[in-house]
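Residue numbers (UniProt numbering), protein chains in the order written: chain A, 1 to 400; chain B, 1 to 479.
Any given hint could turn out to be false.
[Stated by the list, open to error] Simulated crosslink set (DSSO-like; lysine-lysine; CA at most 27 Å straight-line): (1) K123(A) / K261(B); (2) K436(B) / K449(B); (3) K257(B) / K118(A); (4) K389(B) / K421(B); (5) K449(B) / K123(A); (6) K389(B) / K231(B); (7) K324(A) / K449(B); (8) K123(A) / K470(B); (9) K123(A) / K356(B).
It is worth saying that the hints were derived from the structure and are not from the lab.
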Amino acid sequence: MAASIQSLAAASSLSAANSIDSKRVHASIPGRKASFLVVRSDLRGSNGSNLKGHRVGNLVTNAVASPEAPASASKSGHEVLLFEALREGLDEEMQRDPRVCVMGEDVGHYGGSYKVTKGLANKYGDLRVLDTPIAENSFTGMGIGAAMTGLRPVIEGMNMGFLLLAFNQISNNCGMLHYTSGGQFTIPVVIRGPGGVGRQLGAEHSQRLESYFQSIPGIQMVACSTPYNAKGLMKAAIRSENPVILFEHVLLYNLKERIPDEEYVLSLEEAEMVRPGEHVTILTYSRMRYHVMQAAKTLVNKGYDPEVIDIRSLKPFDLYTIGKSVKKTHRVLIVEECMRTGGIGASLTAAINENFHDYLDAPIVCLSSQDVPTPYAGTLEEWTVVQPAQIVTAVEQLCR
Amino acid sequence: MALWLRRSSKHIIKNLMYSNYCRNNITTKTTTAASFLNEKADVVSPVFFVGRRFESTKAAEMRIDPQFYSSEEDEDHDDLLNQGMDFPGGKVMFTSEMSFISEHSDKRIPCYRVLNDHGEIVSDESYQQVSRELATRMHNSMITLQVMDTFLYEAQRQGRISFYMTSNGEEAVNIGSAAALSYDDIIFPQYREPGVLLWRGFTLQEFANQCFGNRADYGKGRQMPIHYGSKRHNFFTISSPIATQLPQAVGAAYSLKMDNKKDACVVAFMGDGCTSEGDFHAGMNFAAVMEVPIVFICRNNGWAISTPVSDQFRSDGVVVKGPAYGIQSIRVDGNDALAVYQVIRAARNIAISEQKPVLVEALTYRVGHHSTSDDSTKYRPIDEITHWKMAKNPLARFRQWIEKNGWWDEERDSEARNTIKQEVIQAIQVAERMEKPSLLELFTDVYDKPTNDLQEQETSLRETIQRHPKDYPAFTYSL
Numbered sequence: 001m002a003a004s005i006q007s008l009a010a011a012s013s014l015s016a017a018n019s020i021d022s023k024r025v026h027a028s029i030p031g032r033k034a035s036f037l038v039v040r041s042d043l044r045g046s047n048g049s050n051l052k053g054h055r056v057g058n059l060v061t062n063a064v065a066s067p068e069a070p071a072s073a074s075k076s077g078h079e080v081l082l083f084e085a086l087r088e089g090l091d092e093e094m095q096r097d098p099r100v101c102v103m104g105e106d107v108g109h110y111g112g113s114y115k116v117t118k119g120l121a122n123k124y125g126d127l128r129v130l131d132t133p134i135a136e137n138s139f140t141g142m143g144i145g146a147a148m149t150g151l152r153p154v155i156e157g158m159n160m161g162f163l164l165l166a167f168n169q170i171s172n173n174c175g176m177l178h179y180t181s182g183g184q185f186t187i188p189v190v191i192r193g194p195g196g197v198g199r200q201l202g203a204e205h206s207q208r209l210e211s212y213f214q215s216i217p218g219i220q221m222v223a224c225s226t227p228y229n230a231k232g233l234m235k236a237a238i239r240s241e242n243p244v245i246l247f248e249h250v251l252l253y254n255l256k257e258r259i260p261d262e263e264y265v266l267s268l269e270e271a272e273m274v275r276p277g278e279h280v281t282i283l284t285y286s287r288m289r290y291h292v293m294q295a296a297k298t299l300v301n302k303g304y305d306p307e308v309i310d311i312r313s314l315k316p317f318d319l320y321t322i323g324k325s326v327k328k329t330h331r332v333l334i335v336e337e338c339m340r341t342g343g344i345g346a347s348l349t350a351a352i353n354e355n356f357h358d359y360l361d362a363p364i365v366c367l368s369s370q371d372v373p374t375p376y377a378g379t380l381e382e383w384t385v386v387q388p389a390q391i392v393t394a395v396e397q398l399c400r
Numbered sequence: 001m002a003l004w005l006r007r008s009s010k011h012i013i014k015n016l017m018y019s020n021y022c023r024n025n026i027t028t029k030t031t032t033a034a035s036f037l038n039e040k041a042d043v044v045s046p047v048f049f050v051g052r053r054f055e056s057t058k059a060a061e062m063r064i065d066p067q068f069y070s071s072e073e074d075e076d077h078d079d080l081l082n083q084g085m086d087f088p089g090g091k092v093m094f095t096s097e098m099s100f101i102s103e104h105s106d107k108r109i110p111c112y113r114v115l116n117d118h119g120e121i122v123s124d125e126s127y128q129q130v131s132r133e134l135a136t137r138m139h140n141s142m143i144t145l146q147v148m149d150t151f152l153y154e155a156q157r158q159g160r161i162s163f164y165m166t167s168n169g170e171e172a173v174n175i176g177s178a179a180a181l182s183y184d185d186i187i188f189p190q191y192r193e194p195g196v197l198l199w200r201g202f203t204l205q206e207f208a209n210q211c212f213g214n215r216a217d218y219g220k221g222r223q224m225p226i227h228y229g230s231k232r233h234n235f236f237t238i239s240s241p242i243a244t245q246l247p248q249a250v251g252a253a254y255s256l257k258m259d260n261k262k263d264a265c266v267v268a269f270m271g272d273g274c275t276s277e278g279d280f281h282a283g284m285n286f287a288a289v290m291e292v293p294i295v296f297i298c299r300n301n302g303w304a305i306s307t308p309v310s311d312q313f314r315s316d317g318v319v320v321k322g323p324a325y326g327i328q329s330i331r332v333d334g335n336d337a338l339a340v341y342q343v344i345r346a347a348r349n350i351a352i353s354e355q356k357p358v359l360v361e362a363l364t365y366r367v368g369h370h371s372t373s374d375d376s377t378k379y380r381p382i383d384e385i386t387h388w389k390m391a392k393n394p395l396a397r398f399r400q401w402i403e404k405n406g407w408w409d410e411e412r413d414s415e416a417r418n419t420i421k422q423e424v425i426q427a428i429q430v431a432e433r434m435e436k437p438s439l440l441e442l443f444t445d446v447y448d449k450p451t452n453d454l455q456e457q458e459t460s461l462r463e464t465i466q467r468h469p470k471d472y473p474a475f476t477y478s479l
């Protein structure tokens, strides 16, 4: 465990490489009542951060204290690392609603293997931040039972790969019981944990479970990629009445970003426009977003104008935002970390082909990992993950 | 002085050893050698201790200094009070005699019963008298369950419903346990406990509706027959894979504990086959560690479809598995409704007052087939089935007892059976004629609100039906 945490430190170099766009585009989906509202926050604004738009129910307007507030700050908000943002979201929700509880291995006094729940046990007690024995099927089942009785558990898998042991509970019960009980029992759980390819963590610790879970009816899946959307998605997931699986990435926990002080909740079903463009739509999520942005720099130098969308919502897809983009650029590149066969990219390709076939000028290109278990050796591991150079090449070919 | 210390230390230590083996207290204090011999030590604290999270558990050697006891006062030389050690998890005494714990004890755990085969009470003083009202209600419910099972099974054989599972032979476990619980207790059933739902007021019509999957079914026609679920009866919807309900039940009990509810517990049912599943182990372990108010009831009916218990596990039934997890357990005669009632009452009290799990193994027999898809005569002798159906019938035994008390007679019995038979037939007919759920219900409740793609799929389906009406069953016309 120590090794993986040290290797995470290397990942913080990623934060220097990316430029986190502080303007979030608010896209509204017609015909669907949004359960939560995206709060537009302009971090560069000098008029302070006023909450624009509507208020949702009982939004608590407690400002989250910023750890560092330089006297002559022109920027508002506070800087956090991604795991701290997750913790903030969790903490705020636990404070707001006494039914929210956390369960998982080592989440209590140890604070979680990635420190997402650090300090929460001291604040809310051993019972609300529950350390469990090592049985994923058990504490997932326990979370489902508790949810049916009225609590709102947040279940942490130490690594997404271990949640395969809980697949029975997630598929046969979590996704289904609301339906099969005729709507009598709701299961508002959040299942979260780190997944994805890390730094030499070996095959079993490098699973991309989104491809296995995507078929399960009744669950929603979201993937966070920045501290801003991590906190917003965590809060949205907890408030949702449906079971939500929140995919985090092992290498992104140390990303730093300035996030607003006031409360905000993001929408679970929306994609995020990272970089508007004209020539090609690049769809991605989680860690690949950063590889794409790195490639984007190179592409811009070469004269291309890629539009980068972080799809965020893996189930269901935000086909509105994606469709709008496809209608503009007519070319699609999907960059994902999943395996080629049966991954999110495969489903997304099918969905776009079905819905927007007439708008495409070229076949959809999907860059994904090969169908191999993730090897341990650093070089081999690098070759299984899509690298910026590949993305640049793909765009060049697509835009010929 | 030395003499006093000598005797007293032995006294203290002997007490300690006694408590070691006879009690199971947990203390969070680390006991050291000094405190044992402290003359002011009136605390003869037992030596199991829970390793506190923050204290390091240093393996400390604890040795009683030989000068404190002389050899002439020693009766045994392999006195266990020679040495012990603080391992993580508690203090353990050493022994120099290698012996394996036997996989079987000499005698099987005995089975608690109140009524003998002739309907006479043979129990001890702990038996609490059951009132006439309760007893007649119990018998009535057992009859209802039996009659309902018979007719719904027949309905399946006639092709009117697709599937059914009877609880033949297990009526006493069903009703006996149901009668001992309060309506606030949360039930996580497996699938052979409709009697519990019946006791709580689920009507025959509601049962039939679920089996036919019609518009009035609370499950909206989404689950197989006998997969009942009713929130207002605190009966959680049945899910086909076995044992999945066990960790969920622990979660519900955890939720009760969080809410500090002192008057309700969770009851999780399971069969003998269920105890082989991973979720059984997980649920039991969690219940013990979390210290939640839950009663696990195992209906050991001897068969898991065609697998007899001898092929299911090699332990002495299920009751011995409880202590392996640190859970109090008891074995009861599942065909004795009174005994089941007494035991569940007691188990429930323990679970609620002491906030910890209890395991009850009810020995019974599955008289019917596993389900309508099974013919159990293929794998077990017919005389065995007949023996349990006739000679060991739980209803017969209970009836003998209530008849002896003058609370029941032949006339009442046949009257009850006739009435219920009419009701069941009527319920089946009504349920059969009722409309099926509308098309809309195919897509609702997947999420709290249908997503875009689900709405699209619904539109597409409606269009297809409109285009090809003849290819779809008539009832979809009334969408």
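Hints versus structure:
1. Among the hinted pairs, K123(A) with K261(B) is consistent with the structure: their alpha-carbon atoms are about 22 Å apart, no more than 27 Å.
2. For the proposed pair K436(B) and K449(B), the alpha carbon gap of about 22 Å is at most 27 Å, so the pair holds.
3. Proximity of K257(B) to K118(A) is assessed by CA-CA distance (about 23 Å); at most 27 Å being required, the pair is judged to hold.
4. Restraint check: the Cα-Cα separation between K389(B) and K421(B) comes to about 20 Å, which is no more than 27 Å; the hinted pair holds.
5. In summary, the hint linking K449(B) to K123(A) is not supported, as the alpha carbons are separated by about 35 Å, beyond the 27 Å threshold.
6. In summary, the hint linking K389(B) to K231(B) is not supported, as the alpha carbons are separated by about 34 Å, beyond the 27 Å threshold.
7. For the given pair, K324(A) sits about 24 Å from K449(B) by alpha-carbon distance, which is consistent with the 27 Å threshold.
8. Under the criterion of a C-alpha separation no larger than 27 Å, the hint pairing K123(A) with K470(B) is inconsistent with the structure, at around 64 Å.
9. For the given pair, K123(A) sits about 25 Å from K356(B) by alpha-carbon distance, which is consistent with the 27 Å threshold.
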